[in-house]
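Trainee: Protein sequence lines correspond, in order, to chains A, B and C. Position one of the first sequence corresponds to residue 1 (UniProt numbering), numbered consecutively onward. Position one of the second sequence corresponds to residue 1 (UniProt numbering), numbered consecutively onward. Position one of the third sequence corresponds to residue 1 (UniProt numbering), numbered consecutively onward.
No lab work stands behind these hints: they were computed from the structure. Small disclaimer: the values here were computed from a predicted structure and weren't measured. Incorrect hints may appear among the rest.
[Stated by the list, open to error] The calculated lysine-lysine pairs, modelled on BS3-like cross-linking and capped at a C-alpha distance of 27 angstroms, are:
{"no.": "1", "chain 1": "B", "residue 1": "K183", "chain 2": "A", "residue 2": "K262"}
{"no.": "2", "chain 1": "C", "residue 1": "K183", "chain 2": "A", "residue 2": "K183"}
{"no.": "3", "chain 1": "B", "residue 1": "K125", "chain 2": "A", "residue 2": "K118"}
{"no.": "4", "chain 1": "C", "residue 1": "K116", "chain 2": "A", "residue 2": "K125"}
{"no.": "5", "chain 1": "C", "residue 1": "K183", "chain 2": "B", "residue 2": "K262"}
{"no.": "6", "chain 1": "C", "residue 1": "K125", "chain 2": "B", "residue 2": "K118"}
[Said to hold, decoys possible] What follows is a list of derived Cβ distance ranges for each label pair:
{"no.": "7", "chain 1": "C", "residue 1": "L172", "chain 2": "B", "residue 2": "R3", "range": "41 to 47 angstroms"}
{"no.": "8", "chain 1": "C", "residue 1": "V212", "chain 2": "A", "residue 2": "T303", "range": "36 to 42 angstroms"}
{"no.": "9", "chain 1": "A", "residue 1": "I290", "chain 2": "B", "residue 2": "E119", "range": "53 to 59 angstroms"}
{"no.": "10", "chain 1": "B", "residue 1": "I290", "chain 2": "A", "residue 2": "C36", "range": "38 to 44 angstroms"}
{"no.": "11", "chain 1": "B", "residue 1": "E119", "chain 2": "A", "residue 2": "T181", "range": "34 to 40 angstroms"}
{"no.": "12", "chain 1": "A", "residue 1": "D88", "chain 2": "C", "residue 2": "I293", "range": "52 to 58 angstroms"}
{"no.": "13", "chain 1": "B", "residue 1": "I289", "chain 2": "C", "residue 2": "T152", "range": "37 to 43 angstroms"}
{"no.": "14", "chain 1": "B", "residue 1": "G233", "chain 2": "C", "residue 2": "E119", "range": "40 to 46 angstroms"}
{"no.": "15", "chain 1": "C", "residue 1": "I289", "chain 2": "B", "residue 2": "T181", "range": "52 to 58 angstroms"}
{"no.": "16", "chain 1": "A", "residue 1": "I290", "chain 2": "C", "residue 2": "K118", "range": "44 to 50 angstroms"}
{"no.": "17", "chain 1": "C", "residue 1": "I289", "chain 2": "B", "residue 2": "S150", "range": "54 to 60 angstroms"}
{"no.": "18", "chain 1": "A", "residue 1": "E119", "chain 2": "C", "residue 2": "E185", "range": "27 to 33 angstroms"}
{"no.": "19", "chain 1": "B", "residue 1": "T181", "chain 2": "A", "residue 2": "A12", "range": "52 to 58 angstroms"}
{"no.": "20", "chain 1": "B", "residue 1": "C36", "chain 2": "C", "residue 2": "I293", "range": "37 to 43 angstroms"}
Just so it is clear, CB atoms sit at the ideal spot from N, CA and C, and this is done for glycine as well.
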Amino acid sequence: MKRHLFTIGLIASFVLSAFAHYSGLFSATVQFAISCLSIIFVAGFLGKATESVAHYAGQRLGGFLNATFGNAAELIIAIFLVKDGLFDIVKASITGSIIGNLLLVLGLSLFVGGLKYKEQHFNVKLASHNGSLMLLAVIALLIPAAFAKSLTTSETMNLSILVAVILIIAYLLWLLFSMVTHKNELSDEAIEHGEPQWSKGMSILFLFLATVMVAVQSEWLVSTLEVFSHQFGLSELFVGAFLIAIVGNAAEHSAAILLARKNKIGAAVEIAVGSSLQIALFVAPVLVIISLIFGKTMDMVFTTFELVAIGVAAIIAKSISQDGSTNWYEGVLLLVVYIILGIAFYLV
Amino acid sequence: MKRHLFTIGLIASFVLSAFAHYSGLFSATVQFAISCLSIIFVAGFLGKATESVAHYAGQRLGGFLNATFGNAAELIIAIFLVKDGLFDIVKASITGSIIGNLLLVLGLSLFVGGLKYKEQHFNVKLASHNGSLMLLAVIALLIPAAFAKSLTTSETMNLSILVAVILIIAYLLWLLFSMVTHKNELSDEAIEHGEPQWSKGMSILFLFLATVMVAVQSEWLVSTLEVFSHQFGLSELFVGAFLIAIVGNAAEHSAAILLARKNKIGAAVEIAVGSSLQIALFVAPVLVIISLIFGKTMDMVFTTFELVAIGVAAIIAKSISQDGSTNWYEGVLLLVVYIILGIAFYLV
Amino acid sequence: MKRHLFTIGLIASFVLSAFAHYSGLFSATVQFAISCLSIIFVAGFLGKATESVAHYAGQRLGGFLNATFGNAAELIIAIFLVKDGLFDIVKASITGSIIGNLLLVLGLSLFVGGLKYKEQHFNVKLASHNGSLMLLAVIALLIPAAFAKSLTTSETMNLSILVAVILIIAYLLWLLFSMVTHKNELSDEAIEHGEPQWSKGMSILFLFLATVMVAVQSEWLVSTLEVFSHQFGLSELFVGAFLIAIVGNAAEHSAAILLARKNKIGAAVEIAVGSSLQIALFVAPVLVIISLIFGKTMDMVFTTFELVAIGVAAIIAKSISQDGSTNWYEGVLLLVVYIILGIAFYLV
């Protein structure tokens, strides 16, 4: 009964939102409200699908699939921005996506999970590797920025392209390491589950479908946000790094928080941290390579504000997650840093 | 017998110091010598009182009370400075207090305790949380400084006030977390003590009395220090960040070292680290809020030198304390960083 | 039989290389090829000698001796450079030696060892102390650079000399701590070895002889490298920090990798990390003191590029080694950072 109501709400709100978007009959405010309602439903659908896949595939692979589908949407949006040469917005949204996952998604997951469970645990070896990979991401963004002042434009481009290629190789080797050669060392202990709602094939199909719906719905919401932000006089940097990132990561948010509430904190961490690592070590470098095809190269030189934001996010997330044990106050710490960064980006 | 001699010395030196301060009959050098003698006695008294309270209340709460009483004195002095608009001296003394506790007090405690015991242990979960909170303190000071250059004065003020409010909330939630919801997880193992000297009520009364005496005596000593520093041509930054901080933290010094010698390293760490966290996450933000009342807002933008000092102190203290095990060489490492910072601040 | 062939190859290639160097009859390219062949043999000889000494003296002392002998050669070369006032090249080669050991030697050891063994372990307490000492090294280099802009030249010199003296004291106390007072706490578990090739006295003699041969051979190779680098238009910074450092650390490379392959990862880490700590905390400060004797003081102010390189190397190496467990991917991470730094230094 409850399940049927959910299905009806999901389809109805999605169709209504599509109509509002394409007809243009409603005001921006009404469009925004409908989109928000719909995103709650599709995000809930995605969360269920992820959980079901995690049941069959294990927490880590389930989390990885969720992060990847979530980022696929962002990658597609970013490619269009790169094509138009809007490199500053691309970098702002990469920054926002990294800190949004590390601070907001992870912070909310730990907080919400910690309110229910006194302490939650995940694989400590994975936590340690995640921390080192976050440092690599920060280093890979810091070095081009630190050296760019003494380099010519073409030297900066060469440095960016080479760093991009190296990061892609490092990320692929990480997948080889974590999914193949050291799969068992990094997995969480098996947790007893009840029977899942759907079959294995159905779960994967629904995961795919839900991700597409979230991606499409996110884009509709983003388009109403742009109207909003102009009305309220918000800067491009703030909109790109916070508003778009929050909405664009709706998939990660809903799934991670749902999993944390079910004490599957390992999968929640994999979604939040895994997603930000994928953005930094794979999506960003791939965008640099893709920009080559469009004939106008995007460099990897981020602004000082962006570097500070990514750096502090990585360091506090590493510090909090490195013991493989989490609680509600660690969630608070992450959220506090996110709010402080949000205020600073809003004012600047 | 020995106890009576101590009581006589305590009262006699304190009265003599008061007379010297208010009569103005003695030269600055003599006043300084009397103050130093008196501070040794009152600091010893405070150490005994803290230890006695720690016996009844546990190492952590005892340490917390000691840190709080110690910082109450500093807060009062700082409020007068804020009222007079001497913001640079306030920030220098905040910096000095943070690094003095993290490097000098903690360093001496580990060193002195480590000479007696090969290895000393304290709660590793607490160490981990302390480390994350130290990072939050550094981040909260770094972000206003990093963004201030691109902000107007009023935007910087708004950022400072908002960050201050957020830090106070985060600190209060930390007390809720560490004293209420996760009290047992963060406590040290019970250690067998002998019978304490005083009853529970007497211990708290003496802790309060001793703290007031230390605060008053510190102020008298600081006033002679100012005459001294002018004679020797020391910079305001050096006097504020090192001389005043060392004397003003006499309470923390004496208590922490005494506890380390008695193998109660958990309480010593709580005093040193807890005190610096309280300064960074509570005292400094409260001063910003209080400055609003006086009509002239103090921002949270620290100088590069101050940020470097706080940053390196937090990072080395975090690195050393994170395994919950300490030894004499870790004390040396902290003291070495303190000395290097002292030389740099003296020369600059 | 195999052993005799090795001895013949060792002596023949060394003599040929000496002849090529002093006669000047061959072209730079031929000299370079002969030197490379010879360095493979002498490095192999050194590896065997280190391993044999490690058998008698334990992994840590064996590693320490190897690192010290290896650095003695570099110290001697650097003294000649200091005498000639070539301070920039000295600092570049110090930088190169630190990051070469932390990233290249350690990275290759973990990678090569990790291909053979799924996980390798070394003393986790030692890892923790190594990490803290690396931070001290970074802090000691950061502070003079951060304060230098506000200091006069003579004040910078005073700061440099005082920091140098403090670091030397800290390093000597570290030896006291790690070799005397806490020797057992920091040692690796005994590993069963087969019978070593040589007696105890013979092993030490060969270790000494092999180190001298590597040092001499390195210098010959460096002299051909200089010709090379001019031909290919490489910058002094790149040659000093990368080419010379790689060749000059041949001793550490060969020994560490050989030990990692034999699952003696504790000795490999001691060589790589111990060597870089010795460079930062002992060799560099000693060079500052020695420069005083020559009448022209070398300061401790490193360039931003050098600080970034040393800082990121220390942070990633600390992050990777702190759990006392290593695998092939951790080697990849270190090598990736080394390659990125190499490209940046090459372009700048």
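Trainee: Taking the numbered hints from earlier one at a time, note which ones the structure violates and give those numbers from smallest to largest.
Mentor: Hints 2, 8, 14, 16, 17 and 19 are the ones this structure does not satisfy, whereas the remaining hints hold.
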